[in-house]
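Asks: Each chain, letter by letter, is given below.
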Amino acid sequence: MSAELPAVSGQRPLLRIVDLHKRFGELEVLAGIDLEVARGEKVSILGPSGSGKTTLLRCINYLEKPSSGRIYIDDVLIGEKLVNGRIVHLSDRELAKERREIGFVFQRFNLFPHLTALENVTIAPRKVLKQSTEEANERGRRLLEKVGLGHKLAEYPERLSGGQQQRVAIARVLAMQPKLMLFDEATSALDPELIGEVLKVMRELAEEGHTMIVVTHEVQFAGEVSDRTIFMDHGRIIEQGPPAQILGNATQMRTRAFLKKLADR
Amino acid sequence: MNFWTVMVDRFPYFASLLLKGAVMTVAVAAGALVLALVLGLVIALLRMSRSRLLSGFAYIYTEFLRGTPALAQLFVIYFGLPDIGIELRPVEAAIVGLGINGSAYLSEVYRAGIQAIHRGQFEAAFSLGMTPIGSMRYIVLPQAVRMMLPPITNFSITLLKDTALVSVVAVPEIMFYARNLVTETFQSMHVYLLAAAIYLVMTIPMSRLVAYLERTRRAWQ
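Chains as they are written, first to last, in the working numbering: chain Y, 1 to 265; chain G, 1 to 221.
None of these hints come from the bench; they were simulated from the model.
Hints should not be assumed to be uniformly reliable.
[Claimed, not checked] Distance condition first, Cα-Cα at most 25 Å in a straight line; then the derived SDA-like pairs of lysine to any residue:
no., chain 1, residue 1, chain 2, residue 2
1, Y, Lys65, Y, Arg23
2, Y, Lys260, Y, Gly196
3, Y, Lys65, G, Ser51
4, Y, Lys127, G, Gly67
5, Y, Lys65, G, Met48
[What the hints assert, rightly or not] Pair by pair, the computed Cβ-Cβ distance ranges are:
no., chain 1, residue 1, chain 2, residue 2, range
6, Y, Leu82, G, Val76, 50 to 56 Å
7, G, Pro205, Y, Lys81, 55 to 61 Å
8, G, Arg52, Y, Glu28, 24 to 30 Å
Virtual Cβ for every residue (Gly too), placed ideally from N, Cα, C.
Please model the entire structure based on the sequences and the hints provided.
Replies: Now the structure itself:
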């Protein structure tokens with residue numbers, strides 16, 4: 001499997017996941033995930049619903065607490081720390097600090113309805129990074145222009161289309177300058193005609209060299225944009241490799257069956 | 001003398017005393033409201049805390065205050081506390097009694113308002129590096145307050161009327177004056193109707209405010 005990993009030029013991986021398990025009661029949603037992602041790498045994750053893709057993303061920024069296993073970003077343990085040889089959970093404040101580095105784009109956008117588009121983008125830089133309002137506004141304006149919403153700064157989310165809301169959400173994540181961006185089916189809740197505008201923004205981010213993990217059903221997008229495609233099923237990574245290989249010439253029956261189902265849709 | 005001639009004849013005298021009482025009624029209600037708003041938020045946060053001890057305390061606090069008569073609570077505070085060396089003046093006892101009683105009710109209003117905010121709002125705030133307290137302060141509470149304003153205003157109406165209760169610990173509010181006037185003039189019908197009318201004049205605008213808040217509470221623009 002390691003032969004399939006892209007060349008990392010001797011660098012430590014940005015993200016390292018070791019034997020990650022997540023159980024909800026009896027149900028084991030993640031059954032031992034090992035994964036490394038290099039700085040600047042674009043990874044797409046495919047798999048049927050219930051395969052654990054979303055849970056994996058949510059564990060990475062500790063929105064779900066893993067049942068066991070370790071997650072490191074730049075060799076720093078996420079959500080836990082070693083104290084006197086024992087692993088303990090981080091305090092709320094320490095955990096919040098780690099999460100600044102990890103951007104999360106939600107399927108349902110989760111914009112803050114009481115704030116304008118610009119305020120949605122600037123609230124975390126102002127309150128978390130303690131940027132001045134002028135600085136945060138200036139950067140926020142540029143980020144909204146970048147995602148094509150320079151003319152919607154003062155609009156509230158409920159007056160924006162789904163595609164526009166998702167682009168605001170992406171700008172909001174970019175404002176924190178995260179090391180790693182996680183996209184949880186960022187286009188699944190959108191009407192078909194709005195998907196393109198969001199994928200276009202994600203494509204630009206990929207070209208700029210952001211490190212991205214993208215859970216998606218957009219096979220074509222995964223094929224064009226990602227460096228590596230992972231196929232998950234029943235809480236495990238079934239196979240992974242260059243997108244062309246996984247999408248065009250999968251070795252596992254389950255991967256082929258899933259891709260065929262998607263194609264027949 | 002028929003009803004209306006008496007009313008017209010004695011109105012200035014009745015009204016002057018009852019309005020004096022109304023000032024006290026508003027003062028007690030306002031004081032109790034502030035106390036209930038602050039204490040209620042504390043109790044709501046304790047109730048939602050991860051600590052079993054804190055949330056258990058808040059649960060018992062709320063159940064006790066909602067399950068016993070406000071009058072009994074008021075008597076404990078005014079007549080009971082002196083036994084352990086805490087002596088409050090009537091107005092203080094009234095504000096503390098109604099405030100504590102109201103905090104139990106408001107804590108449930110807060111809790112419902114906060115829990116009505118979608119979980120995704122917390123998650124988005126967390127994922128942007130906010131602490132639970134920061135998420136509450138900047139993201140959840142501003143939205144929840146909008147949801148809570150109608151029930152809080154309704155509570156204020158109830159509170160204003162419930163101040164009638166504190167006349168029994170000799171706070172000189174509307175009903176206190178009303179009772180004195182009746183003892184003095186035996187005009188029960190006139191005095192009590194006038195007292196009721198004064199409450200109504202104060203509560204009607206508040207009810208209108210609730211209706212307005214109900215209409216606008218979901219709109220953000």
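Asks: Verify the CB-CB distance for arginine 52 of chain G and glutamate 28 of chain Y against the hinted window 24 to 30 Å.
Replies: 28 Å, holds
Asks: Take the C-alpha atoms of lysine 65 of chain Y and serine 51 of chain G, compute the straight-line distance between them, and say whether it is at most 25 Å.
Replies: 18 Å, holds
Asks: Is the hinted pair lysine 65 of chain Y and arginine 23 of chain Y satisfied, with a Cα-Cα distance of at most 25 Å?
Replies: Satisfied, since the Cα-Cα distance of roughly 10 Å is no more than 25 Å.
Asks: Per the hint of 55 to 61 Å, is the separation of the Cβ atoms of proline 205 of chain G and lysine 81 of chain Y within bounds?
Replies: 56 Å, holds
Asks: Hinted pair, alpha-carbon criterion (25 Å max): lysine 260 of chain Y, glycine 196 of chain Y. Please report holds or violated.
Replies: 22 Å, holds
Asks: Between lysine 65 of chain Y and methionine 48 of chain G, does the CA-CA distance stay at or below 25 Å?
Replies: Holds, at about 19 Å.
Asks: Between leucine 82 of chain Y and valine 76 of chain G, does the C-beta distance stay in 50 to 56 Å?
Replies: Since the Cβ atoms of leucine 82 of chain Y and valine 76 of chain G sit about 52 Å apart, the hinted range of 50 to 56 Å holds.
Asks: Is lysine 127 of chain Y within 25 Å of glycine 67 of chain G, Cα to Cα?
Replies: 41 Å, violated
In this structure, only the earlier hint numbered 4 is contradicted, and the remaining ones agree with it.
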